[in-house]
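**Student:** Protein chains in written order, with this note's numbering: chain A, 1 to 308; chain B, 1 to 416; chain C, 1 to 374.
It is possible that some hints are incorrect.
What the hints assert, rightly or not - Here are the simulated DSS-like cross-link-like pairs (lysine-lysine), alpha carbons at most 27 Å apart as the crow flies: (1) 144(C) x 107(A); (2) 389(B) x 160(B); (3) 197(C) x 160(B); (4) 40(C) x 113(B); (5) 233(C) x 95(B); (6) 120(B) x 40(C); (7) 233(C) x 107(A); (8) 389(B) x 239(B); (9) 120(B) x 91(C); (10) 204(B) x 197(C); (11) 311(B) x 77(B); (12) 233(C) x 208(B); (13) 91(C) x 160(B); (14) 197(C) x 113(B); (15) 312(C) x 77(B); (16) 413(B) x 91(C); (17) 239(B) x 204(B); (18) 113(B) x 312(C); (19) 120(B) x 197(C).
In short, the hints are calculated from the structure, not lab data. Remember, predicted model here, so these are calculated numbers, not experimental data.
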Amino acid sequence: MFMGYSLGELGSIFAMQAFAGLILFSVFVLMSLGLAIIFGQMGVINMAHGEFMILGAYMTYLTSQAFQAFAPGLYGIYFFVAMVVAFCASGALGMLVEWSMIRFLYKRPLDTLLATWGLSLIMQQAFRSIFGAREVGVELPEWMMGSLAITDTIEVQINGLFVMGLTTLIAIAVYLLMFRSRWGLQVRAVVLNRPMAGAVGIDSERVDRFTFGLGCGIAGIAGSAFTMIGSTGPTAGQLYIVDTFLVVVFGGAASLAGTIASAFTISQAQSTMEFFMSGSMAKVLTLLVVVCILMVRPEGLFVLKVRR
Amino acid sequence: MNLGRRQILKGLAAMPVASAFGASAFFSSSAFAQAPATSAVNTTGLAVTDTEVTVGILHSVTGTMAISETGSVQAEKLAIDQINASGGVLGRKIKYVQEDGASDWPTFAEKAKKLLVQDKCASVFGCWTSASRKAVLPVFEQYNGMLYYPTFYEGLEQSKNVIYTGQEATQQIIAGLNWVVQNRGAQTFYLLGSDYIWPRTSNKIARKHIENFLNLKVVGEEYFPLGHTQFNSAINKIKLKKPDVIYAIIVGGSNVAFYKQLKAAGIDLSKQTLLTISVTEDEILGIGGENIAGALACMKYFQSLDNPNNKAFVEAFKKAYGPNMVIGDVTQAAYLGPWLWKLTVEKAGSFDIDKVAAASPGVAFDKAPEGYVRIHENHHLWSKTRVGKARPDGQFDVLYETAELVEPNPFPKGYQ
Amino acid sequence: MTQALSPRFKNLIGLLLLAVLLAVVLPLVLEPFRLNMVGKYLTYAFVAVGLVLCWGNAGILSLGQGVFFGLGGYAMAMYLKLQSSTLEATKIQSTPGIPDFMDWNQITELPFFWVPFKSLPLSLLAVVLVPMAFAFIVSFPMFKRRVGGVYFAIITQALAAIMTILIVGQQGYTGGINGITDLRTLAGWDIRTDSAKTILYFVNVALLLGAIGLCLLVRGSKLGRILVAMRDKEDRVRFSGYDVASFKVFVFCLAAALAGVGGAMFTLQVGFMSPSFVGIVPSIEMVIYTAVGGRLSLFGAVYGTLLVNWAKTSFSESFPELWLFGLGALFIAVVLLFPNGLAGLYRSHVEPRIDAFLGRKGRSGSTPAPAPAE
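Isolated chain A, as found in the complex:
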């Protein structure tokens, strides 16, 4: 049989790999949704996106410490509180950054890149000064650990399911917010035509601030969720930045649905390749393919047709 496995084994390989791909997909979506809003909708290149995620992760760490100290009985549910805290902290910092820095740079997108890179350096050093240079270990409630055995050979990770559920919820929430709420309408109006939006009475500055805050807040939630599967350290944010940008650009920057589709494509390609070759080669190949496609089709998978 193929690679020395029996048919049954191949079946479970397939199932488990599909699940691994889905987890990776959820991780990618979580990483990039916030950036898709900030970069795709506002045109701001936020190089500090990874640091906003790590801020969320540190908030989760602090919340878990607080629960351990003051409410050990409720430890099982601390994670939900932590995500809210992470969202608020990252979102608030995001709004502050927008107010103090980004709003002067809307006409100069490449400059936002430099300024936010500076911001990311400052945030990294701040994490290091406050929490120490070492990684912190975020402990999870018992129920989130381990896996469910579906058959003898197929097991699904509980925290994987959790990430998938969370991603779905956030994606739906963002969809409702952007496409079904009055506020989303204003955001889209500002994106399409800022002067006209202003002319019809939309406070575009306020919209910008909240949009940026929302994007950063989602990054915070993502960071909080990633404490389950990744590391929390001052420079951990940089691990995510290239993948995140490529997912957003590959999806067609202005389209949220595109971001999700692109996260799906890239994650499936990567997890399939990872199975057949070394993780290192799989990564290089995935990136190369994405870059080559982008060179041929720069507008990404999906484009919003806008006259500019």
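Got chain A; can you put chains B and C on it based on the hints?
**Tutor:** Showing chains B and C alone in chain A's frame:
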């Protein structure tokens, strides 16, 4: 049987430094003026005065490597303070100049040059990654400096100007593999690593040992880019191959992701043997003890080692830096640096680099937290290999230690 | 007579001042150790100068200049490594005569792409041509398809990431994460001595001044004006019948070649090359040098490079744990407060006074500092 040999060795090693030891005990109670004249102990213009000697500390306190190197800086400073408290070196207090390598290799080279050329350091304690050591090595050779390098590393190097206080690869790998074969009946191995020179070289040695010396099987080997955070596909592969031993050399943030995902995937490390040479007490802080409990690590030092030297060391370390500090293998190796240098200088009776380098082989330190160590002719340390089992509280239970000191062999024949 | 000094004359003076500073003042003031550090910084200035042309003038921001810097540096390092891997020096290896890291990785024969680097002329050619060729391959399809601005930046950034993973992963051929180290001689000449370092420093300065001169020529030519026109209104240039893509490809390749030369000089002066100069972080830092200097000013790029690196070194010497704060704040300040960098400050504060001193008050031809490019 070991005891007898060790005592003889101790005796031999102690002889050349005996006079110096006596002298330093004497100085601590009386004036420094009794110290040998500066002109006699420093003929090459190093930063040595009648009362002080300057050394360098060169580690990253910023950038990605700061996580790992902080412990080494602390250990080196602690050792220097202790040496000063006990009378210094040849009657001189040690003063240190600290430079930041900023996790950037030319910066390391630049700062190394500064420490040697401008500060005229009599010795430098520093570097962590192989890349930083490779970058500073030509500087130390050109300007004739002395580097004490603390990290366990891949070997394939030997220099007059470097003392390697960590293990080279064979010292870390072979005893551990033998132990899992004998005690866990391991037949098949799955090798994993971050994609760079140390894991690749170490896995090469491990594979040769498994296939050629133990006649067992490697069922898989794969590498991940540094900073990789998604291991589900790799874990699926492991689940299918069902190896007796997972042999993992993953570093940095990837480490945390790997063990968290391993646990989430339902691989129980109390049943599945996992042997690693890249996780110390330091790394467990980030990984979380509950995620890695049961894993086996192959090191020369664990914080939980039960001997008087180590108890004193751990106590002093916690007193200096706080009760929550943990001490990993490299931190201990960094602590050895200043002590070995002091002993060597006193054996040579001089701070001159050439004399220190020449006097190094045979210098023994019996107060080392890991136990007795000695410098080999190839400037690496003879030291024991130990296997520890991770506990949920982040410490290790020491399951095994080699009976004898393991000879360092940076260019192992038959493993290349 | 003339209302103001002509731009050409001003450039000449600028070049002369820079030459005096780099070739006379610094060598006199600094001890050899610091001078060697300045030499290292100046290799980054090649990249910064190239970026002025391609980002400031043509509006193409590349976050992958580290790749070209690395290609040039590696080309030089490969030659130097082969020089130091003589049969004599490597006789303990199982295959003598090949670089030590290949031997450790069981490579028994020099890989084919290493063979040309046995020759110095071919290696020197490679320093320039390899980065240019790579830049051409990358940029041609993109500019033909009118990829620009942010997209180009992000794609080049991804390239930098890929390149790093590749170099680190293929250690048998590249030396892996440690890079190519222990380089000793250039055509038999020991490059590690202090005198060699001083000579290399002056070579470096000469090449840099030459590079700036070349860029000034390009900018002063009709081509330069087309570049500016393209940056400001690309469509109009296209409608006027110019092939915008070819101009962009040309500038990008030129910047890549300059970066390659910088990389080669870096290898010569520092004595090794490693993948840490190829990745995303160094690539962005190089953009910062340009931004600090003023993205439109070739001289500014050099001063910016020197200033940032000097700040980085002295910050990290005196406040090791705080220098990232300073560096981060510098980036933000430059972007928010001084978008034209040092050159902008000079133009708004110093130049009017010089002009006034020279007795030409209220000159009419003063050009307001152009708005920064996107």
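**Student:** Now look at each hint and say whether the structure bears it out.
**Tutor:** A quick look at each hint next to the structure:
Annotation: proposed proximity of residue 144(C) to residue 107(A) holds, straight-line Cα distance about 25 Å (limit 27 Å). The suggested pairing of residue 389(B) with residue 160(B) is violated, with an alpha-carbon distance near 36 Å, which exceeds 27 Å. Proposed proximity of residue 197(C) and residue 160(B) is supported: the alpha carbons are some 24 Å apart, at most 27 Å. The hinted pair formed by residue 40(C) and residue 113(B) meets the criterion: a straight-line CA distance of about 14 Å does not exceed 27 Å.
Among the hinted pairs, residue 233(C) with residue 95(B) is inconsistent with the structure: their alpha-carbon atoms are about 62 Å apart, more than 27 Å. Taking the CA atoms of residue 120(B) and residue 40(C), the gap is near 22 Å; set against the 27 Å cutoff, the hint holds. Using a Cα cut-off of 27 Å, the hinted pair residue 233(C) and residue 107(A) holds, with the two alpha carbons roughly 15 Å apart. Distance hint between residue 389(B) and residue 239(B) is fulfilled; the C-alpha atoms sit about 22 Å from each other, no more than 27 Å.
Between residue 120(B) and residue 91(C), the direct Cα distance comes to roughly 34 Å. Violation of the 27 Å bound is thereby established for this hinted pair. Distance hint between residue 204(B) and residue 197(C) is unfulfilled; the C-alpha atoms sit about 39 Å from each other, more than 27 Å. For the proposed pair residue 311(B) and residue 77(B), the alpha carbon gap of about 18 Å is at most 27 Å, so the pair holds. Between residue 233(C) and residue 208(B), the direct Cα distance comes to roughly 63 Å. Violation of the 27 Å bound is thereby established for this hinted pair.
The straight-line distance between the Cα atoms of residue 91(C) and residue 160(B) is roughly 19 Å, inside the 27 Å bound, and the hint therefore holds. At roughly 13 Å between alpha-carbon atoms, residue 197(C) and residue 113(B) fall within 27 Å of each other, so this suggested pair holds. Taking the CA atoms of residue 312(C) and residue 77(B), the gap is near 25 Å; set against the 27 Å cutoff, the hint holds. With a C-alpha separation of about 15 Å, the suggested pair residue 413(B) and residue 91(C) falls inside the 27 Å cut-off, and the hint holds.
Between the alpha carbons of residue 239(B) and residue 204(B) the distance comes to roughly 23 Å, so the proposed pair stays at or under 27 Å and holds. A hinted pair counts as satisfied when its Cα atoms are at most 27 Å apart, and residue 113(B) with residue 312(C) qualifies at roughly 17 Å. Taken as a hint, the residue 120(B) and residue 197(C) pair is honoured in the structure, with Cα atoms around 20 Å apart against an allowance of 27 Å.
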